[in-house]
Structures are given as structure tokens and as C-alpha cells.
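Peer 1: Given next are the chains, with one letter for each unit.
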Amino acid sequence: MNIKLEGLTKRFPARDKRSGGEVTAVDSLTFEVPDGTLVGLLGPSGCGKSTTLNMICGLEAPSEGRIFFGEEDVTAAPPELRGVGMVFQNYALYPHLTVLQNITFPLENLKGDKKLSKAEMRRRAVETARLVQIENLLDRKPRELSGGQQQRVAIARALVKTPRVLLLDEPLSNLDARLRLQTREEICKIQRATGITTVFVTHDQEEAMSISDRIVVMKDGVLMQQGEPQQVYDDPASLFVAKFLGTPPINVFAGQVKAGRLYLEGSGAPVLDTPGVPEGPVWAGIRPEGFVPDTAGPVCCGLNRVEVLGRDVSIVCTHPACQADTIRAIIPSRSLVNGADNTVHFALKPDKVFLFDRETETRLPFAPPGAES
Amino acid sequence: MDRSSRKAWLYLLPAAALLAVFLVYPVIDVLIYSFEEGFNFASQTYWGVGLYNYSYVLHDPYFLQAVENTFVLVIITVPVSTTLALAISAALASIKPLRSLYQTIYFLPYVTNTLAVGLVFMVLFQKTEYTDGLVNLMLEWFGAGPIDFINGPHWAKMFVLCFYTIWVVMPFKILVLTGALASVNPDYYKAARVDGTSRARIFFRITLPMISPMLVYLVITGFIGAFKAYSDAVSLFGTDLNAAGMNTIVGYVYDMLYGDSGGYPSYASAAAIILFVIVLTITCINLLISRRVSGEGGVHIQ
Ligand SMILES: Nc1ncnc2c1ncn2[C@@H]1O[C@H](COP(=O)(O)OP(=O)(O)OP(=O)(O)O)[C@@H](O)[C@H]1O
Ligand SMILES: [Mg+2]
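First to last, the sequence lines map onto chains A and B.
First residue of the first sequence? That's 1 in our numbering, and the numbers climb one at a time after it.
First residue of the second sequence? That's 1001 in our numbering, and the numbers climb one at a time after it.
Keep in mind that the hints are not guaranteed to be accurate.
To be verified - Think about it this way: if two alpha-carbon atoms lie no more than 25 Å apart in a straight line, the pair counts; the simulated SDA-like pairs of lysine to any residue are:
| id | chain 1 | residue 1 | chain 2 | residue 2 |
| --- | --- | --- | --- | --- |
| 1 | B | LYS1190 | B | ARG1099 |
| 2 | A | LYS115 | B | PHE1203 |
| 3 | B | LYS1190 | A | LEU364 |
| 4 | A | LYS141 | B | SER1212 |
| 5 | A | LYS111 | B | TYR1188 |
| 6 | B | LYS1190 | A | ALA76 |
| 7 | B | LYS1190 | A | GLY280 |
| 8 | B | LYS1096 | A | LYS189 |
| 9 | A | LYS349 | A | GLY280 |
| 10 | A | LYS118 | B | ILE1202 |
| 11 | B | LYS1190 | A | ASP27 |
| 12 | A | LYS141 | B | PRO1079 |
| 13 | B | LYS1190 | A | MET1 |
| 14 | A | LYS243 | A | ASP113 |
| 15 | A | LYS111 | B | PHE1203 |
| 16 | B | LYS1190 | A | ALA14 |
| 17 | A | LYS189 | A | SER146 |
| 18 | A | LYS118 | B | GLY1196 |
| 19 | B | LYS1190 | A | ASN109 |
Claimed, not checked - Where chain B lies over chain A, by a calculated footprint (3+ residues, C-beta under 8 Å):
| id | stretch |
| --- | --- |
| 20 | 57–71 |
| 21 | 222–234 |
Stated by the list, open to error - Not close to chain A: a few residues of chain B, all C-beta gaps over 10 Å, as computed:
| id | residue |
| --- | --- |
| 22 | ALA1015 |
| 23 | TYR1033 |
| 24 | GLY1048 |
| 25 | SER1055 |
| 26 | TYR1130 |
| 27 | LEU1139 |
| 28 | ASN1185 |
| 29 | VAL1194 |
| 30 | THR1197 |
| 31 | SER1212 |
| 32 | LYS1228 |
| 33 | THR1239 |
| 34 | VAL1250 |
| 35 | TYR1258 |
| 36 | ILE1273 |
| 37 | ILE1289 |
If you're looking for bench data, these hints aren't it; they were derived computationally from the structure.
Ideal placement from N, C-alpha and C gives every residue a C-beta, glycine not left out.
Work the whole structure out from these sequences, hints included.
Peer 2: Structure, rendered in C-alpha cells:
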């Protein structure tokens, strides 16, 4: 089921009258979730992700805009008529019911010609439980389950009605790091297996990048960018998106563009050719993997330490023009840098460097040299 | 006993000592009194030891009347007040504007003196030579004859007593239940709504089980409170409750000690022990039922 949001806006009345005005939690959001895909809705805390999800499932009525499921306009439809399954951040499993009772709960609500027999309900519940591998836990109460198991029960409860759309609101944030990794694989697998159109909310960019077919990045209720994860990562439209995606995060430098060349503030030598960028102050974002150790390289940094992270080597260093206290560069081999030195020189990979307007923080594209052909 | 549990016992000691002095000791003392036949308060002497006090009390028509009154009061007021309080709190929880105003209004009777409320009830219900009272006025609109609720037939007096008791105990129950309802995580309701659960089903399958610990608490304390009723009857019918036929068990105990026909601590003790046994039995039954209903260890009373 293809989901389409058109100019979706949600305004909440201000909590206390004196401060006046309203809170615009979601501001004319327009995007599409193609049928059968998993879309990650990504953004910092309070940016309106949950509110968007609540509008998709019908718990909140939008102030403006429309929601389509396929051709059908569901903007005014109550939740039960939309055919959505939802998993909440704290799972919201009914504590007094067993796992089986929790999973059958949505089925017991079916009325009229959709009404199911007891045996059929049980059969479907067990089948769904098998899908998420909890069929041996059916008689337990939620509090007798681990976090990961509870999470699967919640998914089973959301899936048992075979909804058209599955909505997950930060489903992994209550799990520890290892379980998170494992569970997100599982969610991905279940989504592939069922082919159900899924919207997945998270504020963890790594999570979103790893399992989503597409990501939608939001900030303060406004859509910042959408696209395939790799494409958004490689081609961020704004400084916000560039900073939000990637671990370790992008390194941001204050810089100047003069005559088609980028200068980092406080150093006289140009570090990169940036043809086509107008002159003036910029923010230069350099991905950690954009640094290439090169004794003749134009970027000279003070070396703090060298960390070996299993596969990669992370170099922690400093530069006067950098916004943050330290810079992180990821290089493939330790032998490229002498850890005993005080300084380290880098050349830059042009496709890992992004320039942004100092004022508007929007992207200033440049054709990387050599890519013109 | 390990260190930490020894420490816990140490912290509990002051409270335990107070309990022993002011609760356990008197109960044992009353128990002893209740078996001492012909106890004379002035000389602190008695004839012998036996069950005569119990036999006397159990054959006393006033006591039997008091037991009957108490049981009727308990059986009517506890379920009615709890159900009504639940309905009102659920209604309060579902409205947004003016909620705190209504909460205040419903809580006001709690901070009002029960004797004062009793006086108001008497004025409302009493039929005198000068006026039939406000309630009778309303009854007459519906074509029913004036009834003397305060000095009239027994059922009418019982009705007023129950009405009054329910009125007095409701605010506290509403307060507790509003709190219990507010503490239910709204995500449960959201989840239920997404699944298309009807309002009635949400209430009975989710809300009610979630607040069941508080309901059990209210029912148990409600039973205990109603069994110990006394001041309510006095505030409506005066101190000579035996004459009015409206005595309660606690009232009977009081009369036996200090009433006009009083001065019989042994009979009073026997009646008090009987009340104690009744309340203990009912409370145990309550706990057993609530444990059965909520499954293994579902309900914990804090
Ligand atoms: N019922 C409400 N009344 C008023 N303001 C609200 C309400 N619900 C949300 N908001 C506001 O709307 C904004 C977006 O909230 P929302 O819960 O959608 O954020 P979120 O992106 O899900 O954040 P998080 O990652 O912390 O869950 C916030 O500023 C929040 O304070
Ligand atoms: Mg949220």
C-alpha cells in the first residue's frame, strides 16, 4: 500500500495561554512511501516524528494536509478503518494479559462479517508468533519477557490483523546495543518476508541508514531531505543533514572560498579546488573517510592520538578552523601515520567534502575536479 | 539473618513497639475481658471465666438489630459507592475543560465535618410539624406521600443512613480512582484505539484490570469502614440509637460501655471481639477473591 502525505501540518494549541501562539509540530510535510518499502523517518528529538506517525495511523487529526493510502483519502478515517498496525516505543503490551491474549486482542475487536472463531484467532496468533519466533512464550505475561522478546510480541500484535501499513515508533530505543543490532536485522527480515509497507521512526541515524529503503530527514517539523540512505549521505542538501548522518560525524570547518579554491580559516594555503562556488565565507564539511594521509597534503592538523578500531584506524587530531574540539579521520591502515609525530598532513577526497553557505547553511555544489568529463 | 535484613528490622522497631503498645496489647486485653464473667469495674473483680458474655450478647435483641443494620449498611454502601465513584472518576477522566473544578466539587464533602453533613441530611429528610422537608417536597411532585425518614419506618431510616454513608465515603474513593485512572499509561489506550477497540471494551479489558489494585484496596477498606460505622448513625438519629432501631455494632459496644444502660465492659468486649472476627473473616475472603480474580500475584496492595 502506497502512502502519500500531502502538505501535512499539525499545530498544537499552546499549553499556557500567556506565552501565546501555537506549537507547529509538523509543518507541511510532503512525502511518499512506495508500496512494500521500509521508510525510515529520522530526526532529532522533538522534531515531530511521533506526531507524523500518529497522524498516519489516525490517532491525531492533521490541522492541514491530506493522507492517502493508495488512491484512498484516509485523512478523516478513524484508526480502525485504516488497517494500520503500530508498535510503540515502550511496546504498550497489556501487562495483565498473556502473550497469546495480547496478540489475539486486535482480532477480538473484529465485528460483523470479519468476526473470527476462537480457533481461527488462535491459529492466526500462533502463526504470527512463529513469524517473530516467540511461539514458545505464548503463556507468559509481558513482565516475564526480556526487552527483545517484548518487542517481538509488540510486532506480532501489530501484524496479526495483516494490516496494510506497519508503523514503528522508535521500536529499538529500549534495547541494549547488541540486541538493538540484532532486532533491527529481524525487523528488516520480517518486513521483507511480509512485504508490508513500513514507516520506521528513529532518532538514530545509523539505525535508519542500515535498514531503510529510503529515509526522510526532519527537523523542527520540516522535511529536510529524503531519498535512499546512501544517496542522502553522499549528497546532503544542508549542513544539518550532513551533520546528522554518519558515525563518526562529519567534521565542520570554517572556510573561505576565493577564486574557486577553498581555504580553511587561519591557514594560507588552499586545500581544495572548488570550481563554481561563489566567493565568500562557507562551512566546509569533511567526512572522516575524506582525509587521505599525505605528507605533502595541504591540511595540517595537530595529532592527538591514533585509535585502532578493529578494521579501521581512527585518527583524533585538532585544527584551528574546526568547529569541534577534535577532528576524527578514518584511514584504512595504521602504517600511513606515524603516531609519534606532533602533526599530521592530509589531502582531501573531493567527493567527501561538502560546502555550505555560512548564513543559510544550504549546500553549495561544486563539480569535483576531474569529474567534468 | 543477614546484615541488611537485621538493619531493616531495626528501622521497623519503633513502629513495631508503638503498634504493640497501642494495638496488640489492647486487643489481647479486650479478648481477656470478653471471657471474664461478671466483671466489676470498680472492684476489678469477676466471678469466673467462660462464654457467658458471648451468649448474652448473641441473645440480646439490640445486638442482633445492630448486626442486621451493620450488614445491610455494608452490603448496600460498599458496592454502590465504589461503582458510583468509578463511574464519576471515569467521567472526570474523559472531560478536559473544567476537570479540576469538578474534582474540587466532588472532593469538598471530604473536608466537611461528618456531623455537619449529617445535620444537613436531617434537615433535608426530616418531617416535622412545620415542614415536610425538601426531599418530601420533591417526592410529592412525583405523587408519593410524605415519608418521615428520620423518625418513621425502619426501611426509610436505613435508606437515609445508606444514602448518607455513600455520600460521605465517595469523595475519597473518587480521589483515589481519579489518581489510579490518571496513572494508566496513555499508550495502552492508543494501542487499543489503533486496533479498533470499542470504548466499553477498552474500559473493561484494559482500564479496569489496570486499576484493579486500587479497586481492591477501596473495597477492602470500604468493608472495614462500613463495619465500623457509628458516627454516621449518631449524626442522623441522635445518641439513643437502640430506641431508634438504628444501632450499629460499634454503637452497641459504645452503649455497653458508656451509654445510659452502660457499664458492662465484658459485654462490650465480647461484642467487639465478634466484630473483629467478622471483619477479619470478610477481609480474608476479599483478599482470596481478589487474588483468584487477578491470577497469580496480579494484585499487590501497597
Ligand atoms: N499533545 C501535544 N500538545 C502540545 N505539543 C505537543 C503535543 N505532542 C507533541 N507536541 C510537541 O510537538 C513537537 C513534536 O513532538 P513529537 O512527539 O512528534 O516529537 P518526536 O520527533 O517524536 O520526538 P522524540 O524523538 O523525542 O520522540 C514537540 O515540540 C512537542 O513538544
Ligand atoms: Mg517520539
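Peer 1: Are the hints correct? Go through all of them and say.
Peer 2: Here is how each hint holds up against the structure:
no. : hint                  : verdict
1   : B:LYS1190 x B:ARG1099 : 21 Å, holds
2   : A:LYS115 x B:PHE1203  : 21 Å, holds
3   : B:LYS1190 x A:LEU364  : 44 Å, violated
4   : A:LYS141 x B:SER1212  : 17 Å, holds
5   : A:LYS111 x B:TYR1188  : 21 Å, holds
6   : B:LYS1190 x A:ALA76   : 17 Å, holds
7   : B:LYS1190 x A:GLY280  : 52 Å, violated
8   : B:LYS1096 x A:LYS189  : 43 Å, violated
9   : A:LYS349 x A:GLY280   : 22 Å, holds
10  : A:LYS118 x B:ILE1202  : 20 Å, holds
11  : B:LYS1190 x A:ASP27   : 23 Å, holds
12  : A:LYS141 x B:PRO1079  : 30 Å, violated
13  : B:LYS1190 x A:MET1    : 23 Å, holds
14  : A:LYS243 x A:ASP113   : 52 Å, violated
15  : A:LYS111 x B:PHE1203  : 18 Å, holds
16  : B:LYS1190 x A:ALA14   : 22 Å, holds
17  : A:LYS189 x A:SER146   : 20 Å, holds
18  : A:LYS118 x B:GLY1196  : 18 Å, holds
19  : B:LYS1190 x A:ASN109  : 14 Å, holds
20  : 57–71                 : holds (count 3)
21  : 222–234               : violated (count 0)
22  : ALA1015               : 31 Å, holds
23  : TYR1033               : 46 Å, holds
24  : GLY1048               : 56 Å, holds
25  : SER1055               : 48 Å, holds
26  : TYR1130               : 52 Å, holds
27  : LEU1139               : 45 Å, holds
28  : ASN1185               : 7 Å, violated
29  : VAL1194               : 5 Å, violated
30  : THR1197               : 5 Å, violated
31  : SER1212               : 8 Å, violated
32  : LYS1228               : 32 Å, holds
33  : THR1239               : 48 Å, holds
34  : VAL1250               : 37 Å, holds
35  : TYR1258               : 49 Å, holds
36  : ILE1273               : 39 Å, holds
37  : ILE1289               : 16 Å, holds
Consistency note: the structure conflicts with the earlier hints numbered 3, 7, 8, 12, 14, 21, 28, 29, 30, 31.
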